[in-house]
Amino acid sequence: MKIALLADTHSNLEALLACLAHAKREGAGMYAFLGDLVGYGADPVACLAVMAKYADGGALLVRGNHDEAALGGLSEHMNPIAREAIYWTRGQLGVGERAFLSALPMTGRLGDLFLVHASASKPESWPYVAGRNQAELCMNASDAGLCVVGHVHHQLLYWSAKPGPRRATAAVQSFAPTPGVSIPLSRSRRWLAIAGSVGQPRDGNNAAAYTLFDSEQRLLTFFRVPYDHHAAARKIIAAGLPDLLATQLLRGE
Amino acid sequence: MREGEHISPGTRIAGYRVEEKLRNSGMAVLYRVAAPDAEADCLLKVPKLGFGSHPACSSGFDAEQMILGRIASSHVPRLLASGEEDFGPYLIIERIVGKSLADFAQQAPLAVEEVARLGAALASAVHELHRQEVVHHDIKPSHVYYRENGQVVLIDFGLAFHGQLPDLVAAESDRPLGTPAYMSPEVIAGGRGDPRSDIFSLGVILYLLATGELPFGSPTSNRHLRRRLYCDPLPPRCIRPELPEWLQEIILHCLEIRGGDRCATAAQVADDLAHPQQVMLSQRGRCLARAGPWVVLGRWLKSISAAAPPRRIPSGQLARAPQVLVAIDLDYRNEMLMQALRDATGRLIAGEPHWRLTCVTVMEPSMLTEQDDHSEITQALHLQYLVELRHWAQPLVQRLGLPQEQLRFHVLPGGGAAEMLIDYARAVHADHIVMGARGNSSLRRYLGSVSSHVVAEAPCSVTVVRPPRA
Chain A
1 MKIALLADTH
11 SNLEALLACL
21 AHAKREGAGM
31 YAFLGDLVGY
41 GADPVACLAV
51 MAKYADGGAL
61 LVRGNHDEAA
71 LGGLSEHMNP
81 IAREAIYWTR
91 GQLGVGERAF
101 LSALPMTGRL
111 GDLFLVHASA
121 SKPESWPYVA
131 GRNQAELCMN
141 ASDAGLCVVG
151 HVHHQLLYWS
161 AKPGPRRATA
171 AVQSFAPTPG
181 VSIPLSRSRR
191 WLAIAGSVGQ
201 PRDGNNAAAY
211 TLFDSEQRLL
221 TFFRVPYDHH
231 AAARKIIAAG
241 LPDLLATQLL
251 RGE
Chain B
1 MREGEHISPG
11 TRIAGYRVEE
21 KLRNSGMAVL
31 YRVAAPDAEA
41 DCLLKVPKLG
51 FGSHPACSSG
61 FDAEQMILGR
71 IASSHVPRLL
81 ASGEEDFGPY
91 LIIERIVGKS
101 LADFAQQAPL
111 AVEEVARLGA
121 ALASAVHELH
131 RQEVVHHDIK
141 PSHVYYRENG
151 QVVLIDFGLA
161 FHGQLPDLVA
171 AESDRPLGTP
181 AYMSPEVIAG
191 GRGDPRSDIF
201 SLGVILYLLA
211 TGELPFGSPT
221 SNRHLRRRLY
231 CDPLPPRCIR
241 PELPEWLQEI
251 ILHCLEIRGG
261 DRCATAAQVA
271 DDLAHPQQVM
281 LSQRGRCLAR
291 AGPWVVLGRW
301 LKSISAAAPP
311 RRIPSGQLAR
321 APQVLVAIDL
331 DYRNEMLMQA
341 LRDATGRLIA
351 GEPHWRLTCV
361 TVMEPSMLTE
371 QDDHSEITQA
381 LHLQYLVELR
391 HWAQPLVQRL
401 GLPQEQLRFH
411 VLPGGGAAEM
421 LIDYARAVHA
431 DHIVMGARGN
441 SSLRRYLGSV
451 SSHVVAEAPC
461 SVTVVRPPRA
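Sequences listed follow chains A and B, in order. According to this note's numbering, the first sequence holds residues 1 to 253 in order. According to this note's numbering, the second sequence holds residues 1 to 470 in order.
Heads up, some of the hints might be wrong.
Stated by the list, open to error - Pulled from the structure, derived: some chain B residues nowhere near chain A, Cβ distances all over 10 Å: (1) P9; (2) M66; (3) K140; (4) L165; (5) I257; (6) R284; (7) Q339; (8) W392; (9) H432.
Claimed, not checked - For the chain A half of the interface with chain B, some residues (derived, Cβ under 7 Å), not all of them: (10) L74; (11) S75; (12) W126; (13) L156; (14) Q173; (15) S182; (16) P184; (17) S188.
Please keep in mind that the hints were generated in silico from the structure rather than gathered at the bench. Just so you know, even glycine gets a beta-carbon here, dropped at the ideal spot from N, CA and C.
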């Protein structure tokens with residue numbers, strides 16, 4: 001089964017549809033949305049409608065910090081622009097959308113896969129897996145062979161050997177993947193993938209990012225998908241959201 | 001006792017029947033197994049992963065499975081099956097029937113032609129790996145096999161590196177990974193992923209085959225190993241004075257301490273070994289002593305302050321050293337086309353420091369008849385073709401200041417021009433062919449277009465050049 005892992009959609013409908021179409025072409029049979037479904041972009045309602053349809057079809061969704069903030073949760077720790085987008089998003093969401101978001105679980109499990117927005121370690125305080133120490137905490141917090149997260153918008157793969165009789169802990173290593181090149185994940189190691197952001201890539205490449213996991217072959221492939229970022233940026237300006245959010249989509253950072 | 005070390009004969013694994021235990025090495029146990037169709041024997045490899053095993057067993061096994069599965073080449077054993085049984089993970093791979101280079105090495109010193117033949121086949125196989133983003137990192141005689149047709153197969157990818165996959169091996173160790181006698185200076189300093197490290201190991205093998213001795217011995221201590229960062233080996237001709245200078249030139253070119261000073265690609269090593277008369281001799285080939293103490297002192301000072309070598313990507317290095325083939329039809333005299341060919345070639349190699357340019361022409365079959373084969377006139381013709389090729393390249397050399405040692409000239413014997421070119425391009429691992437379109441010559445009418453045939457069948461990119469129209 002090929003599982004498409006889509007994180008940080010951030011209300012970007014064009015990017016979401018582009019990634020879903022790409023995943024379909026790649027033969028995805030299962031979908032998981034790893035939180036931050038809304039926030040920043042101009043299409044929260046349309047994006048949620050698409051994802052609700054996938055949820056009916058068996059897709060797995062987890063909650064992100066922007067989703068919680070859009071429901072009225074704390075947004076004080078966010079930067080002013082993110083907060084402004086959250087206030088705008090709150091105004092767009094109807095009863096149905098709010099109910100959909102508030103029903104999202106914090107974590108998900110699909111066989112050997114552990115899915116969470118920020119980190120398996122203390123997911124409710126939204127830590128960033130921004131280094132090997134955080135990666136190790138996250139891997140230690142679940143017994144899954146592969147943990148997939150979002151929150152950090154750069155695609156990255158961490159791994160470590162499984163703790164064995166000769167060692168209590170093993171050094172965590174990281175690897176910057178080449179888009180489109182599938183990586184076999186050995187069962188004798190633990191893996192942590194940062195799926196990349198569908199709706200707001202920030203590494204200087206304006207193509208949307210998502211990841212595909214083939215659970216039978218245990219092949220993980222990071223993808224970059226070009227999409228109509230001009231349309232998404234125009235909608236942000238038309239909606240009266242901060243201009244910077246539009247230019248971020250154009251530049252990819 | 002671990003179960004993986006005692007699989008009884010007759011057990012079936014993924015349809016393969018276990019026949020006998022072959023070897024119990026430090027890292028893995030090898031069994032001979034029979035394929036379901038019983039066509040040929042295969043190997044079952046079971047890593048030692050239980051209590052007390054070295055961590056490198058697991059990472060080496062994972063690396064081998066990952067990388068072997070990625071390489072599409074007849075220069076590596078085929079990966080037939082992999083999976084997990086109750087005794088743990090396993091691999092089933094093709095069993096190579098043939099002679100190992102270790103068998104040849106025992107007879108060393110070998111005849112010069114034999115060294116060149118074995119070395120060229122090995123270098124060719126190594127280049128094929130590098131092209132597929134893989135650095136072997138443990139090339140030594142016992143890891144090299146020769147099939148009956150002379151083709152090389154490299155085995156044991158437990159330390160290998162793939163430019164697009166996580167490096168599971170390096171993560172397991174702070175110490176340099178490899179076999180001390182064959183390790184390159186940058187690997188000793190902690191580097192991974194530089195294809196030129198394999199070229200260094202290739203140099204050690206050539207040295208061993210040519211002289212019967214290892215250039216750096218088999219160091220056991222770290223201090224002894226680090227001498228390789230500043231000491232060069234005794235020139236091979238000090239051990240065997242009858243060795244030709246060109247062979248010493250090639251060997252020492254592979255054994256340069258700095259990767260940047262080495263032969264840029266294994267394909268260039270193979271090319272040099274196959275065409276020794278074209279190797280440009282330098283001090284390297286002629287010298288009969290090691291570098292002086294001041295040079296060594298300077299290198300030593302550099303080595304203690306040098307930063308760790310950067311992680312490299314094989315394809316990045318290869319892209320800077322393209323093998324360009326210019327096919328020139330010397331009988332089609334059109335100066336406009338010749339100039340256009342020079343211009344196109346100049347543009348291709350501009351900015352790439354380690355290119356190699358081979359100017360090649362095909363002798364027309366009509367020039368050779370049965371009775372004057374090997375006659376004086378045939379030899380004169382061959383020479384004339386070479387001279388004209390050099391003459392073609394001269395304006396390019398002058399205008400761009402091209403170094404002579406990166407130029408090669410070759411006359412292919414008659415026959416179908418297109419087939420000859422395609423075979424030659426494959427043999428020298430050409431990255432790009434530049435050739436002219438012959439326009440409306442009478443030859444084209446009789447023989448069809450050579451360039452369109454080459455474009456269709458060549459193993460690399462092809463640029464077909466036309467002269468500007470008047």
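Here is what the structure says about each hint:
With a least beta-carbon separation of about 27 Å from chain A, P9 (chain B) lies farther than 10 Å from that chain, consistent with its non-interface assignment. Once the 10 Å rule is applied to beta carbons, M66 (chain B) is inconsistent with being away from chain A; the minimum gap is 5 Å. Chain A leaves K140 (chain B) outside its interface by the beta-carbon criterion, the shortest separation being 26 Å against a cut-off of 10 Å. With 10 Å as the threshold on Cβ separation, the claim that L165 (chain B) sits away from chain A is violated: the shortest Cβ distance comes to roughly 6 Å.
Against the 10 Å criterion, I257 (chain B) stays outside the reach of chain A, whose nearest CB is about 29 Å from its own CB. Remark: the non-interface label on R284 (chain B) is consistent with the geometry, its nearest Cβ contact in chain A lying 37 Å away (cut-off 10 Å). Every Cβ of chain A is farther than 10 Å from the Cβ of Q339 (chain B); the closest lies at roughly 41 Å, confirming the non-interface assignment. Non-interface status of W392 (chain B) relative to chain A is upheld: no Cβ of that chain comes within 10 Å, the nearest being about 40 Å off.
Every CB of chain A is more than 10 Å from the CB of H432 (chain B) (nearest about 24 Å), matching its label as outside the interface. At a threshold of 7 Å, the smallest CB-CB gap from L74 (chain A) to chain B is about 37 Å, leaving the interface hint violated. Annotation: S75 (chain A) was flagged as interfacial toward chain B, and the flag is violated, the nearest CB pair being 37 Å apart, outside 7 Å. For W126 (chain A), the interface hint is violated, the least distance from its beta-carbon to any beta-carbon of chain B being 27 Å, above 7 Å.
The restraint placing L156 (chain A) at the interface with chain B is violated, with a minimum CB-CB distance near 11 Å, outside the 7 Å limit. Hint status for Q173 (chain A) relative to chain B: holds, with the closest Cβ pair at about 4 Å, below 7 Å. With its C-beta approaching chain B no nearer than about 9 Å, S182 (chain A) sits outside the 7 Å limit, and its interface hint is violated. At about 5 Å, the closest approach between the beta carbon of P184 (chain A) and any beta carbon in chain B falls short of 7 Å, and the interface hint on this residue holds.
Given hint, S188 (chain A) at the interface with chain B, holds; its Cβ is 5 Å from that chain's nearest Cβ, closer than 7 Å.
Consistency note: the structure conflicts with the earlier hints numbered 2, 4, 10, 11, 12, 13, 15.
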